[in-house]
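Asks: Since the structure of chain U is already known, use the hints to place chains G, E and C on it.
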Amino acid sequence: MLSLENIINGIHTWLNNTFDPTLALTCEFVLLGITAIAIFAVLGLVLVLMERKVAAIMQIRKGPNRVGPFGMFQTVADTLKLIMKEGLTPDGADKVLFNLAPFIVMIAAMLLLAPIPFAKGVQMWDINIGVLFISAVSSISVIGILMAGWASNNKYSLLGAMRSGAQIVSYELSAGLSVITIVILTGSLQLSEIVNAQQNGWWIFKGHIPVLISFVTFIIAVTAETNRAPFDLAEAESELTAGFHTEYSGMKFALFFLAEYINIFIACAIGATLFLGGWMPFHIGNWEGFNAIMDYIPSSIWFVGKTFFLIFLMMWFRWTFPRLRVDQLLNLEWKYLLPISMLNLLVVTVMAIMGWYF
Amino acid sequence: MFITNYIKEIFNGVKSLLTGMRITGYYFVHPKEIITEQYPDNRATLKMANRFRGEVVMIHNENNEHACTGCSACELACPNGTIKIINKFDINAEGKKKKAIDTFVYHLELCTMCNLCVIACPTDTIKMDQTFEHSVFDRSQLTKVLNRPGSKIKAGVE
Amino acid sequence: MTNEDLKNKLTELFPSATFEEGGEFINFFIEPSQWKSCAKELKEKAGLDFDYLFCVTCVDWKTHLTMVYHLSSTIHRHSIVVKVKLNRDQPEIDTVCDIWKTAEFHEREAFDFFGVTFINHPDLRRLFLTDDWVGFPLRKDYDDPINMIKL
Amino acid sequence: MFEEIGTTEDGYMVINIGPQHPATHGVLHLVMTLNGETIVKTEPHLGYIHRSIEKMSESLTYRQFIYATSRMDYLSSHINNHGCSLCVEKGLQIEVPERAQIIRVIMDELTRIASHELWWGAMAMDLGAFTPFFHAFRERETITEIMEETCGARLTMNYICPGGVMADLHPDFQKKVKSFITLYKSKINEYNELVTGNIIFQNRMKGVGYLSKEDAISFGCTGPVGRASGVSCDIRKLYPYEVYGKLQFDEILETAGDSFARYMVRIHEMNQSIRIIEQLIDNIPDGEFLAKTKAVLKLPKGEFYQRVETARGEFGVYIVSEGGTTPYRIKYRSPGFSNLSALPTMVKGSKIGDLIAAMGTLDLVIPDLDR
Numbered sequence: 000m001l002s003l004e005n006i007i008n009g010i011h012t013w014l015n016n017t018f019d020p021t022l023a024l025t026c027e028f029v030l031l032g033i034t035a036i037a038i039f040a041v042l043g044l045v046l047v048l049m050e051r052k053v054a055a056i057m058q059i060r061k062g063p064n065r066v067g068p069f070g071m072f073q074t075v076a077d078t079l080k081l082i083m084k085e086g087l088t089p090d091g092a093d094k095v096l097f098n099l100a101p102f103i104v105m106i107a108a109m110l111l112l113a114p115i116p117f118a119k120g121v122q123m124w125d126i127n128i129g130v131l132f133i134s135a136v137s138s139i140s141v142i143g144i145l146m147a148g149w150a151s152n153n154k155y156s157l158l159g160a161m162r163s164g165a166q167i168v169s170y171e172l173s174a175g176l177s178v179i180t181i182v183i184l185t186g187s188l189q190l191s192e193i194v195n196a197q198q199n200g201w202w203i204f205k206g207h208i209p210v211l212i213s214f215v216t217f218i219i220a221v222t223a224e225t226n227r228a229p230f231d232l233a234e235a236e237s238e239l240t241a242g243f244h245t246e247y248s249g250m251k252f253a254l255f256f257l258a259e260y261i262n263i264f265i266a267c268a269i270g271a272t273l274f275l276g277g278w279m280p281f282h283i284g285n286w287e288g289f290n291a292i293m294d295y296i297p298s299s300i301w302f303v304g305k306t307f308f309l310i311f312l313m314m315w316f317r318w319t320f321p322r323l324r325v326d327q328l329l330n331l332e333w334k335y336l337l338p339i340s341m342l343n344l345l346v347v348t349v350m351a352i353m354g355w356y357f
Numbered sequence: 000m001f002i003t004n005y006i007k008e009i010f011n012g013v014k015s016l017l018t019g020m021r022i023t024g025y026y027f028v029h030p031k032e033i034i035t036e037q038y039p040d041n042r043a044t045l046k047m048a049n050r051f052r053g054e055v056v057m058i059h060n061e062n063n064e065h066a067c068t069g070c071s072a073c074e075l076a077c078p079n080g081t082i083k084i085i086n087k088f089d090i091n092a093e094g095k096k097k098k099a100i101d102t103f104v105y106h107l108e109l110c111t112m113c114n115l116c117v118i119a120c121p122t123d124t125i126k127m128d129q130t131f132e133h134s135v136f137d138r139s140q141l142t143k144v145l146n147r148p149g150s151k152i153k154a155g156v157e
Numbered sequence: 000m001t002n003e004d005l006k007n008k009l010t011e012l013f014p015s016a017t018f019e020e021g022g023e024f025i026n027f028f029i030e031p032s033q034w035k036s037c038a039k040e041l042k043e044k045a046g047l048d049f050d051y052l053f054c055v056t057c058v059d060w061k062t063h064l065t066m067v068y069h070l071s072s073t074i075h076r077h078s079i080v081v082k083v084k085l086n087r088d089q090p091e092i093d094t095v096c097d098i099w100k101t102a103e104f105h106e107r108e109a110f111d112f113f114g115v116t117f118i119n120h121p122d123l124r125r126l127f128l129t130d131d132w133v134g135f136p137l138r139k140d141y142d143d144p145i146n147m148i149k150l
Numbered sequence: 000m001f002e003e004i005g006t007t008e009d010g011y012m013v014i015n016i017g018p019q020h021p022a023t024h025g026v027l028h029l030v031m032t033l034n035g036e037t038i039v040k041t042e043p044h045l046g047y048i049h050r051s052i053e054k055m056s057e058s059l060t061y062r063q064f065i066y067a068t069s070r071m072d073y074l075s076s077h078i079n080n081h082g083c084s085l086c087v088e089k090g091l092q093i094e095v096p097e098r099a100q101i102i103r104v105i106m107d108e109l110t111r112i113a114s115h116e117l118w119w120g121a122m123a124m125d126l127g128a129f130t131p132f133f134h135a136f137r138e139r140e141t142i143t144e145i146m147e148e149t150c151g152a153r154l155t156m157n158y159i160c161p162g163g164v165m166a167d168l169h170p171d172f173q174k175k176v177k178s179f180i181t182l183y184k185s186k187i188n189e190y191n192e193l194v195t196g197n198i199i200f201q202n203r204m205k206g207v208g209y210l211s212k213e214d215a216i217s218f219g220c221t222g223p224v225g226r227a228s229g230v231s232c233d234i235r236k237l238y239p240y241e242v243y244g245k246l247q248f249d250e251i252l253e254t255a256g257d258s259f260a261r262y263m264v265r266i267h268e269m270n271q272s273i274r275i276i277e278q279l280i281d282n283i284p285d286g287e288f289l290a291k292t293k294a295v296l297k298l299p300k301g302e303f304y305q306r307v308e309t310a311r312g313e314f315g316v317y318i319v320s321e322g323g324t325t326p327y328r329i330k331y332r333s334p335g336f337s338n339l340s341a342l343p344t345m346v347k348g349s350k351i352g353d354l355i356a357a358m359g360t361l362d363l364v365i366p367d368l369d370r
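Protein sequence lines, in the order shown, are assigned to chains U, G, E and C. According to numbering that gives the first Met the number 0, numbering within the first sequence proceeds without interruption in unit steps and concludes at 357. According to numbering that gives the first Met the number 0, numbering within the second sequence proceeds without interruption in unit steps and concludes at 157. According to numbering that gives the first Met the number 0, numbering within the third sequence proceeds without interruption in unit steps and concludes at 150. According to numbering that gives the first Met the number 0, numbering within the fourth sequence proceeds without interruption in unit steps and concludes at 370.
Check each hint, because a few of them may be wrong.
DSS-like cross-link-like pairs, simulated, lysine-lysine; straight-line CA separation at most 25 Å [as the list claims (entries may be wrong)]:
1. C:Lys205 <-> C:Lys89
2. G:Lys46 <-> C:Lys293
3. C:Lys205 <-> G:Lys7
4. E:Lys139 <-> C:Lys300
5. U:Lys61 <-> G:Lys46
6. E:Lys82 <-> C:Lys300
7. U:Lys61 <-> G:Lys31
8. C:Lys54 <-> E:Lys84
9. C:Lys205 <-> C:Lys297
10. E:Lys61 <-> E:Lys8
11. U:Lys61 <-> C:Lys186
12. E:Lys84 <-> E:Lys44
13. E:Lys42 <-> C:Lys245
14. G:Lys126 <-> C:Lys293
Derived list of chain E stretches under chain C, where covered just means 3 residues or more per stretch with a C-beta under 8 Å from a C-beta of chain C [said to hold, decoys possible]:
15. 5-17
16. 25-39
17. 47-61
18. 65-79
Distance windows between CB atoms, simulated [what the hints assert, rightly or not]:
19. C:Asn270 <-> G:Lys46: 29 to 39 Å
20. E:Gln89 <-> C:Thr324: 30 to 40 Å
21. E:Trp132 <-> C:Val30: 14 to 24 Å
22. G:Thr130 <-> C:Asp167: 22 to 32 Å
These are computed hints drawn from the structure, not numbers from a lab. Glycine is no exception: its CB is placed at the ideal position from the N, C-alpha and C atoms.
For reference, chain U alone in the conformation it holds in the complex:
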């Protein structure tokens, strides 16, 4: 059967048979790099278009519909425009940090692509501390945002960056705590293990209400962590013009913009992997027949479907809710999400020890 796993294995075998191991490894590195950049670009284009279409339909508009059929090439045209625009560096800005910041944000986003299992056996790096790696690397992007805000030498940017810093640091907590519930249930930090543990049902169904609560907490926390509305205080348009990227233009702005969407994708991919079984098809316990039918749908489609469902959920939030105020944002985290997820963690631990899950 032709699947992503077979193709990748084929390439791997062919490279190792043709070249000596060192060269083969180098070739694989290069291929991986190209794939990562390709995924980055394609996802950016797709997600931006998706966001615009979703927003448009919710706002009883048509959305982009001029470039290509259904406006499919609108984002390509926009990217071309951004590439051709002049990348200004303001006079008073710290030139090095100002130009470095978008790359840091982008690199942090790209690093996160590594441990995600895209399909059965398709994973760039099956590191045994996958979950830890993700939570560690995802906090690098806040450095980039702070750098951008500080180096721009603009008051709006500075305020935006500070808000973003406070926000990401706080929400990391409940995101982490809700992820840990799954780690406790699985007993492993490795993402492939976590997916395999959901062979007879996804955690969100197996884990009763506590996992549902931690799923909701996770979605809220990652929405905040990716600076998405209703938590988009860092770039709150009506308050801070554009927040930390006020001074950016051209491709440097595009990098921030793309990184935002990649971050959304990764956050949703992780959510899908941890709670919704990743690439694992929809299985119910030991109903062999039903499970076999579900297996006919390729695992990559399961993964993409779940991830895009979560992305759609986040877009739905964004186009429905007003923005929170900065103190309410922190209230929500420290007064509601954190106590709930801590309590929830306790319940899940008890549940895991007693084996009260399917």
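Replies: This is chains G, E and C only, laid out in the frame that chain U set:
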């Protein structure tokens, strides 16, 4: 009690959020509600209301005749100096001098479409047209002469 | 309170004030030096309670300026107009923005367009025009050959 | 390297919001002094688009100057025209035909609804929810289409002139207004579900931008801003003009004085406007729509003041006449100007996000301030 209130607060909050999401969700699955008009594409079917005030035009009949006597009532009525009437004196059949308009200059760039000139006109010579696509590359193109070349005053209009 | 009662009461309180006939409101003139104390009376005197200053403006009469204050009471719903004649060359009047807070902006507007100086105003700067603007545009003799388009 | 960042002597940050800023949806310029995110001082700077309509009006005749008032508060241009016409009619003692009066009132209320619809959308957009804006514009579009059909323009109508209205109603007018009322009633619930009930929205609005009753009177706040603080200031009730005295409608009063109260006042006011229209739409009498007036209007020597209730509050026209064909002096008392003067007090000590919420509920139209 504190805990009850706390839980109630969360419950009501989430409920209100879901109510909002139901509305946007409704519109997401009902693309028929879309109200966008695709303007340049629908020009053929786009019908402006009859009273829509787009610009001032002078009514000419098929014999290229208008009813303007050059009384400059419109010029006086205009708050912005949009209209400038230049008169000439025709000599009619009986050898008498008769006032008639030479050029009816209309500055579209100054016009606010307030309709005062149309009301002021005693002979109903000018009216508001429904065109609204006024953009041009040069401001001087907005200065128009409303009486057509070679047009004459209608017989019987005083 | 009818206009007649109000007028009697005002005559009693401000003997130096002169009344002007006509118009729907009671118009009365007062000297610039008395304006501040008069304003306080109008605001605080029970039965008058003019707590709502709804319009402050200035009129240039070529020989003098007149400050016009439209006052109303949200309790008794009666309105009066107080006018203060000012010297045109050096118009000066006490501010009332400590009595009615809305006067702060309106007085700045009057300063901006008529050049009326409000004594003790906390922040008397030009409100609409730039700080280096010369002249007071709403005065009748103001002429600006560049920005004014004569039709 | 950061000495360029403007700070005060106390170490506070000075930040310019406007004249071009997405939050001010106009060209209001606020100079803010901030301590972190907390507002220490707010200073409005006006005049970015001042056109001196008062000076212009001095050289226009009594028929002509009315058009210019549409350009002040462009969202309630109809009501501005109405106020000016009433003032001129008061001076000339013209009796306006009843049909014209009722047409004017219906148009006023439609304008008010349109203005509040736009405000509702823009308000939600200020707070970060973009969708309501488009939903509000859907209903507003119906009104502008009615306006376009009858008045000939969508925004700056100039439909009212001294003595009545310029043209008779369009034959479809009643039918269209009724269908608008049906549409509005089916959608208002959606508004409440989408925005009013939302917990985030309520938290953003409640207790924000508090204005006490005393301050509201002292600052001359009128319209929904004043009424949300408990000041009864509806000119339609207090000093009825045209047929308002005979109509059944409530003056909406709230006492909380915060942004949410101002929001609720406007939402309820839309319903009251619908109520007024419903009372009138079937009872438009036949007759003249324009009283006979002289070709050249000359106001007698004297002073005339007329106040009307626009969507933003009390609009006053003060005409000083010397007996000529043009006014000697015109003063427009714009509601937004007084309402804005309360803003620094309202937002002192709150966060930037609160400034946006407070400013949004003031419903400022900048040409109204910069006359």
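Asks: Would you mind marking each hint as holding or not holding in the structure?
Replies: How the hints compare with the structure:
Straight-line distance between C-alpha atoms of Lys205 (chain C) and Lys89 (chain C) comes to about 43 Å, which puts the hinted pair past the 25 Å bound. Annotation: proposed proximity of Lys46 (chain G) to Lys293 (chain C) is violated, straight-line Cα distance about 36 Å (limit 25 Å). At roughly 19 Å between alpha-carbon atoms, Lys205 (chain C) and Lys7 (chain G) fall within 25 Å of each other, so this suggested pair holds. For a cut-off of 25 Å, the pair hint linking Lys139 (chain E) to Lys300 (chain C) stands: about 18 Å separates their Cα positions.
Restraint check for Lys61 (chain U) and Lys46 (chain G): the C-alpha separation of about 22 Å stays at or below 25 Å, so the hint holds. Taking the CA atoms of Lys82 (chain E) and Lys300 (chain C), the gap is near 17 Å; set against the 25 Å cutoff, the hint holds. Distance hint between Lys61 (chain U) and Lys31 (chain G) is fulfilled; the C-alpha atoms sit about 10 Å from each other, no more than 25 Å. Straight-line distance between C-alpha atoms of Lys54 (chain C) and Lys84 (chain E) comes to about 21 Å, which keeps the hinted pair within the 25 Å bound.
For the hint pairing Lys205 (chain C) with Lys297 (chain C), the CA-to-CA distance comes to about 51 Å; that exceeds 25 Å, so the pair is violated. Proposed proximity of Lys61 (chain E) and Lys8 (chain E) is contradicted: the alpha carbons are some 33 Å apart, above 25 Å. For the given pair, Lys61 (chain U) sits about 21 Å from Lys186 (chain C) by alpha-carbon distance, which is consistent with the 25 Å threshold. Simply put, Lys84 (chain E) and Lys44 (chain E) have alpha-carbon atoms about 24 Å apart, close enough for the 25 Å limit, and the pair holds.
Distance restraint check for Lys42 (chain E) and Lys245 (chain C): the Cα-Cα separation of roughly 33 Å exceeds the 25 Å cut-off, and the hinted pair is therefore not satisfied. As the CA atoms of Lys126 (chain G) and Lys293 (chain C) are separated by approximately 22 Å, the hinted pair is consistent with the 25 Å bound. Three residues within the 8 Å Cβ limit are the bar, and the region 5-17 of chain E against chain C gives 0, so the coverage statement is violated. By the rule of at least three residues with a Cβ nearer than 8 Å to a Cβ of chain C, the coverage given for the region 25-39 of chain E is violated, with 1 such residues.
Restraint check on the region 47-61 of chain E versus chain C: 8 residues with Cβ-Cβ distances below 8 Å, three needed, restraint holds. A stretch counts as covered by a chain when three or more of its residues have a beta carbon under 8 Å from one of that chain; for the region 65-79 of chain E and chain C the count is 4, and the coverage holds. For Asn270 (chain C) and Lys46 (chain G), the Cβ-Cβ distance of about 33 Å falls inside the hinted range of 29 to 39 Å, so the restraint holds. Remark: the range hint 30 to 40 Å for Gln89 (chain E) to Thr324 (chain C) is upheld by a beta-carbon distance near 33 Å.
Between Trp132 (chain E) and Val30 (chain C), the C-beta spacing of about 19 Å keeps the proposed range 14 to 24 Å intact. Between Thr130 (chain G) and Asp167 (chain C) the Cβ separation comes to about 24 Å, which falls inside the hinted range of 22 to 32 Å.
Consistency note: the structure conflicts with the earlier hints numbered 1, 2, 9, 10, 13, 15 and 16.
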